[in-house]
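Q: Residues per chain are reported as follows:
6 protein chains.
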Amino acid sequence: MDETKRYEQGWKRLQETNEPQARQLLDSLKDVAPDLGRYIVEFAYGDVLSRTGLDAKSRELVSIGILAALGNASPQLEMHIHSALNVGCTREEIVETMIQTAVYAGFPAALNGTAIVREVFLERERNGIRS
Amino acid sequence: MDETKRYEQGWKRLQETNEPQARQLLDSLKDVAPDLGRYIVEFAYGDVLSRTGLDAKSRELVSIGILAALGNASPQLEMHIHSALNVGCTREEIVETMIQTAVYAGFPAALNGTAIVREVFLERERNGIRS
Amino acid sequence: MDETKRYEQGWKRLQETNEPQARQLLDSLKDVAPDLGRYIVEFAYGDVLSRTGLDAKSRELVSIGILAALGNASPQLEMHIHSALNVGCTREEIVETMIQTAVYAGFPAALNGTAIVREVFLERERNGIRS
Amino acid sequence: MDETKRYEQGWKRLQETNEPQARQLLDSLKDVAPDLGRYIVEFAYGDVLSRTGLDAKSRELVSIGILAALGNASPQLEMHIHSALNVGCTREEIVETMIQTAVYAGFPAALNGTAIVREVFLERERNGIRS
Amino acid sequence: MDETKRYEQGWKRLQETNEPQARQLLDSLKDVAPDLGRYIVEFAYGDVLSRTGLDAKSRELVSIGILAALGNASPQLEMHIHSALNVGCTREEIVETMIQTAVYAGFPAALNGTAIVREVFLERERNGIRS
Amino acid sequence: MDETKRYEQGWKRLQETNEPQARQLLDSLKDVAPDLGRYIVEFAYGDVLSRTGLDAKSRELVSIGILAALGNASPQLEMHIHSALNVGCTREEIVETMIQTAVYAGFPAALNGTAIVREVFLERERNGIRS
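Protein chains in written order, with the working numbering: chain A, 252 to 382; chain B, 252 to 382; chain C, 252 to 382; chain D, 252 to 382; chain E, 252 to 382; chain F, 252 to 382.
Keep in mind the hints are simulated off the structure, nothing from the lab. Heads up, a few of these hints could be off.
The list makes no distinction among identical chains, and a pair is therefore deemed to hold if it is satisfied within one copy or across any two copies.
[Said to hold, decoys possible] Straight-line alpha carbon distances no greater than 27 Å define the calculated DSS-like cross-link-like pairs of lysine-lysine that follow:
| hint | residue 1 | residue 2 |
| --- | --- | --- |
| 1 | Lys256 | Lys308 |
| 2 | Lys308 | Lys281 |
| 3 | Lys281 | Lys263 |
| 4 | Lys281 | Lys256 |
Construct all of the structure, not just a fragment, from the sequences and the given hints.
A: Structure follows, in structure tokens:
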């Protein structure tokens, strides 16, 4: 598989999960670090997130758990809460993932993650998105 | 629900996921911090990991992702790889979770997590455990 | 001790340390993750922070040190600086805890923690709180 | 070397790297934790960052990599991106350091670091600073 | 205060808290990074840990909480559990600090910290140290 | 550039920096997560570490700083201390990077990193490697 195909595959995966925020992210990188944007499409989405062996919903829940636990990845956590809902995760599953985070990474990580979950839920309601 | 019921529920959950390692953990806490052991049974397993709303397999994959990303929780990661396999996760799903970790927490976290995955797989083979 | 008693004990502890911010926190969780709020009252405050064996002032200083070192727990650090002052810690002890953080977690953690300490001190002065 | 000399040496080093932000930082500490400010001048800049054995540019690139990887040190990362440019690092070297961070600390750390790099570049352009 | 006095003050503080492990640490640095050892004596112990404004016991409990929360500082946590006991902290206070860590940094940090606490307690019993 | 070329480029970079440990790493991944090994060659070494814009020595020093600061990446830190020496960094530059780490990530990170530096230096002396 050559570079172009990896990019195409990654972009397809991004479109399936969260196209608007992905466009915004790549735009913000265009003038300062375009290759970092390219690696996100080719490697993160093209190579890894397109893999089979773990279904899309589990992949997003795992990502959300990791990002909440890291605790310093707010923009990415926000993006992946949207993605999780877009690929069919329920709100309940996302909230459960946050509660689970409290056990392994402590209450501050869970609380700060939940604050972002809440913002995303409210934003989607304002925009009339059902899931 | 009173304390005793929470302990019973937590213990039942621990038995379903990973009784031998749970016994070992509680034993090691008995003389130094027995209440910490009790909180693990009552709160972590009785309150949180017994919750519905996220199926057992997803819960374990999320835990594994978080623990690999934290990077300093080797004994707990080892325990939850066993638990994940015990509740029906496939080896492939566990490996995928590690590869996913590389994207969000970097290659060292993914590599050190994968080294523990490998040890658990080998240990289970030595002990004739199929999953 | 049953659930209700744990909640009562936790709520009592919260009232003694920081009722206004606790109310705000629980309110913000009510619509998205009320059980997470309940666990904070029952487990964090009812089970753990109500324990004897470590006096209230030491408990708060330890919490402040941990939260500053984690570096990604600003809202919680702010809350516990208030709590520390409310249970009788001096401003000097809080500042010393931040300086101590520099040794173990580096100057950025200490500096960002100190910026929050400063905001809390100023807020309390504005609100005429003496301690 | 006595205290005064260490302070002088540290202050000289700060002037060479980033005097305006250093003044702002020390000012913000003056009323709450002046000794923390003094330690930054004496120890961080006077003892460590004045050391020979690693040239000024490498020192700043290492600092930027560490601060981006820590992920919770935005004000310090911003300050050191300025410092790196002030001591002669190229924009390309700074961007490369961020891309490198993705490998070891994950894409969120690299992306959030790059967002700060971008702000600093834009600020310097607005202020007519060439490097 | 000149360098020599800072070193003397730091060494005095080290003797009061944990001389045998301090000697071992400085010895291990002698051939590779002696200046790092000197900074520990002069800055960490001479400047910071000798400060008044926070009593020795609180300082050690704060350090233990931070080190357990960081999760990747086992040798330092071990050293400071000894120091805490040497300056008069009770075993109970140390265990409470670990339990407290679970709330803010998660159960893995608390469990791995408690395993080190247990080892130190056993080692001191073997060596006939009462506290 | 297609996949094969990326792999070749990555492998060439690995050979220039640290072939024996790279082989060992890829071998250990072969049976459990061979794709993770492939991504290290293709993405980490082929895409990122082969980039121009930052010279090989600076790249290694940045990596060492990041890995020491993360604090939970001992095998990777060990590998990159070898790599740094192999591409021409001096022992002094590596030690300086560790001392620098103390400022931003705290003394425990610097001390534990220095312990690994010391082991690598001793191992190379035992094996008659001059640099």
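Q: Each hint: holds or not?
A: Verification of the supplied hints:
Taking the closest pair of Cα atoms, Lys256 and Lys308 come within 27 Å of each other only inside a single copy of the chain (24 Å); across copies the shortest separation is 33 Å, beyond that limit. For the identical chains of this complex, Lys308 and Lys281 are inter-copy neighbours only, at 26 Å across copies versus 30 Å inside a copy, given an alpha-carbon limit of 27 Å. For the identical chains of this complex, Lys281 and Lys263 are intra-copy neighbours only, at 19 Å inside a copy versus 29 Å across copies, given an alpha-carbon limit of 27 Å. For the identical chains of this complex, Lys281 and Lys256 are neighbours both inside a copy (20 Å) and across copies (25 Å), given an alpha-carbon limit of 27 Å.
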